[in-house]
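With the hints as extra help, turn the sequences into a complete structure.
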Amino acid sequence: MRALLLRDLRLAVRAGGGFGLGLAFFLIVVVLVPFGLGPDRALLSSIAPGMLWVAALLAALLTLDRLFALDHEDGALPLLATAPLPLEGLVAAKAAAHWLTTGLPLTLAAPLLGPLLALPPGAWPWLLASLAIGTPALSLIGTFGAALTIGIRRGGLLLSLIVLPLYVPTLIFGAEMARRGAAGLPIGAALPMLAALTLGCLALLPFAAAAALRVNLR
Amino acid sequence: MSLWEYANPKKFTETVTPLIPWVLGLAAICLVASLIWGVFFTPEDYRQGATVKIIYLHVPSALMAINAWFMMLVASLIWLVRRHHVSALAAKAAAPVGMVMVLIAIATGAIWGKPMWGTYWAWDPRLTSFLILFLFYLGYMALWAAVDDADTAADLTSVLCIVGSVFAVLSRYAVLFWNQGLHQGASLSLDAEEHVADVFYYPLLVSIAGFVLLFLGLVLLRTRSEIALRRAAALDRRAEARAAATTGEPA
Amino acid sequence: MTGLLGDYAGEVISAYIVSLALIGGLVWLSALQARRARKQLKRAESRHG
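Chains as they are written, first to last, in the numbering used here: chain A, 1 to 218; chain B, 219 to 469; chain C, 470 to 518.
Hints were generated in silico from the structure; no laboratory data involved. A portion of the hints provided could be inaccurate.
[Said to hold, decoys possible] Looking from chain C toward chain B, a few residues come up when the C-beta cut is under 8 Å (computed):
1. E480
2. V496
3. Q502
4. A513
5. S515
A virtual CB, placed ideally from N, CA and C, is assigned to each residue, including glycine.
Here it is, written out as structure tokens:
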């Protein structure tokens with residue numbers, strides 16, 4: 001499992017991997033939003049946490065379709081499936097690799113890009129924490145979606161359509177937590193709900209994704 | 219004699235074919251009766267005026283939109299556990315019907331919302347949940363359409379339906395947490411204190427019966443069509459294989 | 470008609486038209502699908518039943 005994880009990470013960092021893509025997309029959204037909305041600091045700072053969350057979600061969505069696609073195209077996937085590692089483990093490793101190459105960099109980049117959106121300084125730790133807790137759920141849900149659509153040619157659009165409603169609860173709790181933190185309000189149930197969501201995804205979705213993979217590899 | 223006998227596609231088709239016109243006819247009668255009753259023979263609400271008459275479309279369609287998804291969930295589970303093809307095809311057949319129900323609920327709600335809330339759309343929890351449900355239906359149907367192999371498609375959509383159900387419930391709570399609503403409380407309840415006044419209640423019940431029958435009839439009809447299409451494809455495939463075997467021999 | 474439905478005749482009528490059109494469209498499409506399915510099955514059975 002660790003070998004698989006390291007292999008995926010190496011592939012992602014190399015040219016053509018998803019590493020730069022998600023981050024670049026994130027940067028593009030954050031830079032373009034003020035051009036679209038005008039430079040009003042009060043407006044920008046009020047939407048900054050939510051905007052950063054939406055940008056992170058879209059960046060994660062953008063990099064999903066290459067999660068299994070490359071292994072599927074070059075025929076490595078059936079080989080990986082027959083390896084001693086159970087499929088659930090394979091899926092978990094894939095999700096972890098996706099998170100390490102998109103979720104984690106996005107989380108670390110978000111506070112750095114905060115000043116561009118006039119994010120209040122007190123909001124940084126909350127934004128960082130909400131992204132750190134929430135993005136693993138995005139990667140896990142995305143892995144499930146990618147496992148469902150693996151055999152479909154040009155499945156990118158379908159993948160987005162399937163994953164979009166599944167992302168809603170994560171986005172709501174994550175952005176709500178960041179927003180309340182930024183506004184100095186009590187966080188309330190958002191933090192435990194977000195954490196519960198991520199843990200629940202971690203516990204259950206690898207099984208669903210492995211079931212989908214098994215069907216697709218039949 | 220058990221219920222599972224109807225899992226045989228042939229038996230299902232034979233049983234269902236004579237029923238379909240009756241169910242759909244009864245649905246039409248209930249719908250027409252309740253809508254005429256609702257429009258012409260019920261009073262106006264003292265606050266909502268005549269717009270209260272939209273309730274005869276809005277509440278039943280919203281109810282069926284959720285029930286259709288629930289039925290798909292049950293059918294998906296039956297398919298995964300017992301591998302009855304009819305079950306998978308019934309889930310497939312129900313999806314477009316459920317999606318149209320969501321559309322009706324959203325459209326009538328928007329038309330009603332404009333004069334009452336002053337806006338066609340508000341990010342109210344119930345409205346938002348229905349929008350999410352609509353997206354689930356879309357994704358489910360798109361997945362059915364995208365996968366070529368029938369059994370693979372049935373398996374994948376069943377898994378999606380189960381995971382989607384969990385996330386739909388989660389979304390419901392997330393959305394409640396996110397915004398307090400404008401929407402009315404439950405219109406219907408067995409507890410007579412809570413639901414709408416009797417003058418609106420009885421035509422509403424007839425209208426709900428009409429929507430249930432409509433859903434039932436359409437799902438039976440569409441399931442039968444899916445079975446016929448599947449059988450036709452299987453016959454074609456078998457004939458092709460036979461042809462390939464005979465022509466392939468001499469070479 | 471407007472007398473019957475008061476100030477909101479437009480809303481009520483449009484809600485009914487939209488809903489009935491959606492239901493009608495669904496029934497129509499289902500009927501088309503049923504006819505197509507029956508034709509295909511008949512063709513397949515007659516050709517190589």
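(request) Any hints from earlier that this structure breaks? Give me their numbers in increasing order, please. (result) 5
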